[in-house]
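Chains as they are written, first to last, in my numbering: chain A, 116 to 370; chain C, 149 to 367.
In short, the hints are calculated from the structure, not lab data. There may be inaccurate statements among the hints.
Quick list of simulated restraints, FRET-style, between CB atoms [as the list claims (entries may be wrong)]:
1) L277/C <-> T140/A: 55 to 61 Å
2) A269/A <-> V349/C: 49 to 55 Å
3) G214/C <-> E199/A: 43 to 49 Å
4) N121/A <-> K235/C: 37 to 43 Å
5) A269/A <-> A242/C: 41 to 47 Å
6) L267/C <-> A277/A: 30 to 36 Å
7) I262/A <-> V349/C: 36 to 42 Å
8) D240/A <-> L267/C: 40 to 46 Å
9) A242/C <-> R241/A: 50 to 56 Å
Glycine is no exception: its CB is placed at the ideal position from the N, C-alpha and C atoms.
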Amino acid sequence: MSESINVTLKVWRQSGPGEPGRFETYPLENVSTHASFLEMLDILNQKLTNTGKEPVAFDSDCREGICGSCGLMVDGQAHGPDTETATCQLHMRRFSDGDTITIEPWRARPFPVLKDLVVDRSAFDRIVEAGGYNSINAGNAPDANAILIPKDRAEAAMDAAACIGCGACVAACKNASAMLFVSAKVMHFARLPQGDPERTTRVSRMVAQMDEEGFGSCTNTTECEAACPKGISFSNIVELRREFVRAQVTGRTSR
Amino acid sequence: MKGNSALSSVAQKLVIGISGLLLCGFVAAHLAGNLLLYITDGNYKAFNEYAKNLHDFALLPVIEIGLLVLFLVHIVLTLWMQLQSSKARPEGYAVRKSKQGRGAVAAQNIMHLSGLVVLAFILLHLADLRFGLRFNEDGLSPAQTVLQVLRDPVSAMFYTIGPLLLGYHLFHGFQSSFQSLGLGGERFMRIVKIVGAVFAVVVAVGFASLPVWVTLLRK
Ligand code: HEM
Ligand code: SF4
Ligand code: FES
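Chain A on its own, in the form it takes in the complex (with noise of 0.2 Å):
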């Protein structure tokens, strides 16, 4: 396997919140297959900037799969063709030598595009502000084991509580639906008792929160999990309108 590889990248160039965008090409020689796709684009921007070119404006933070910032989609997949694998995890050996790589923004429209490749994901802050919490006094952190909760339960909480909020599944799903994040934040805290006393309030105010937004609606094509870099199970999305339909029948809501 060669060590190095030419590849063409045709890049989403936009400069800024709501004017046009066109693809760039630009060819790349010599790439590492070992670098990742982000160091890739650094060496990218790199020679962009040394012929007085504006570099190609991405997120990223963390760089080891953790924070959620980096999300591109690569070649029409959200974080490009590897499964549970977040953009920064994806590595150039997985590419061949004479591709052509198409790189876009997420397309959706409560996720505007800022510039180039970074979108505004705000409205997952919004989401989650609007009931991903525990606002009543859960006291000191207790004793290990003082609360018992089965290993299931506390594993598919824990699970759930994996997202890191990249918006992969929306970039992915067919309706731009958000269905995905909101139900991994509403079940990993239903699951747990800390998150229990305030579990109707929060399901009808995140979805709430969510078809404010303007994201479109699950049609179960479970693509959201299949473009999820933490594996994040489509059954969340079931168990939410479970959590939902109790919500509205035992009352107590408020919107």
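Knowing the structure of chain A, use the given hints to seat chain C with the ligands on it.
Just chain C with the ligands, lined up with the frame of chain A:
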């Protein structure tokens, strides 16, 4: 979908799921009745009696109105929902690739199109057999009326294509409606998916076989 609509997106999907499942129940009952046509003994006695009993049933108008409402709810809500969802992505992607290996015409991607073809078929079907707009010879038995319609090339084509696309619609729709209702345990869903696939095939083959049988085999 904007939060100012009367029902939240999750509630809308609940109603869609219920309407879809009830329509499935109607389709199953309708199919059972139609298949009686294959019993040709005594000049289609079985089918004719079934049709007569149905027409004489006092509550038939109530059922018909119920069905109309069901269809309207299903069609209006699903198309409204898809319209809203298409507004949620005003600018599309240049390249698109499913991580589940699904093509652009996979059942879940063309629910609105399969639904609209089914709707066209249902409208023709109602014009033919409910309102007798295209054929209205007097003195025919119910079975003879159906056979007359199925011998018409235009009807035969629609009565074949419509059910096939309805089957395709249900291939995604049946199992999807359970998830819309919040029912989706792992084992349960494995069973529902199998039942849904079998149901989809039975509906498609069951209905579509009739025009094929009448036009090609039963000369
Ligand atoms: C006998 C006729 C029909 C049956 C049995 C049927 C059944 C179903 C079922 C079970 C679902 C899934 C519901 C869910 O996911 O919760 C569905 C969805 C849908 N149906 Fe129908 N349907 C019928 C006719 C129609 C017609 C006439 C249209 C007209 C346009 C239509 C359009 C749709 C759409 C757009 C969806 C949404 C899809 C999605 O979730 O992606 N259907 N249908
Ligand atoms: S559910 Fe998965 S894809 Fe969606 S925001 Fe969370 S981590 Fe990203
Ligand atoms: S940069 Fe943090 S998840 Fe990729």
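Okay, the hints, checked on the actual structure:
1. Taken as a hint, the range 55 to 61 Å holds for the pair L277/C and T140/A, whose Cβ atoms sit roughly 59 Å apart.
2. The hint said 49 to 55 Å for the Cβ distance between A269/A and V349/C, and at roughly 42 Å that hint is violated.
3. A C-beta distance of roughly 46 Å is found between G214/C and E199/A, which places it inside the suggested range of 43 to 49 Å.
4. At roughly 41 Å, the beta carbons of N121/A and K235/C sit within the given window of 37 to 43 Å.
5. One distance hint, 41 to 47 Å for the beta-carbon pair A269/A and A242/C, holds here, with the actual separation near 43 Å.
6. Between L267/C and A277/A the C-beta distance comes to about 42 Å, which lies outside the given range of 30 to 36 Å.
7. Range check, I262/A to V349/C: about 50 Å between beta-carbon atoms, so the 36 to 42 Å window is missed.
8. Range check, D240/A to L267/C: Cβ separation about 41 Å, and the 40 to 46 Å hint holds.
9. Between A242/C and R241/A the beta carbons are some 29 Å apart, a value that contradicts the proposed interval 50 to 56 Å.
Figure legend: structure checked against the earlier numbered hints; hints not met, in rising order: 2, 6, 7 and 9.
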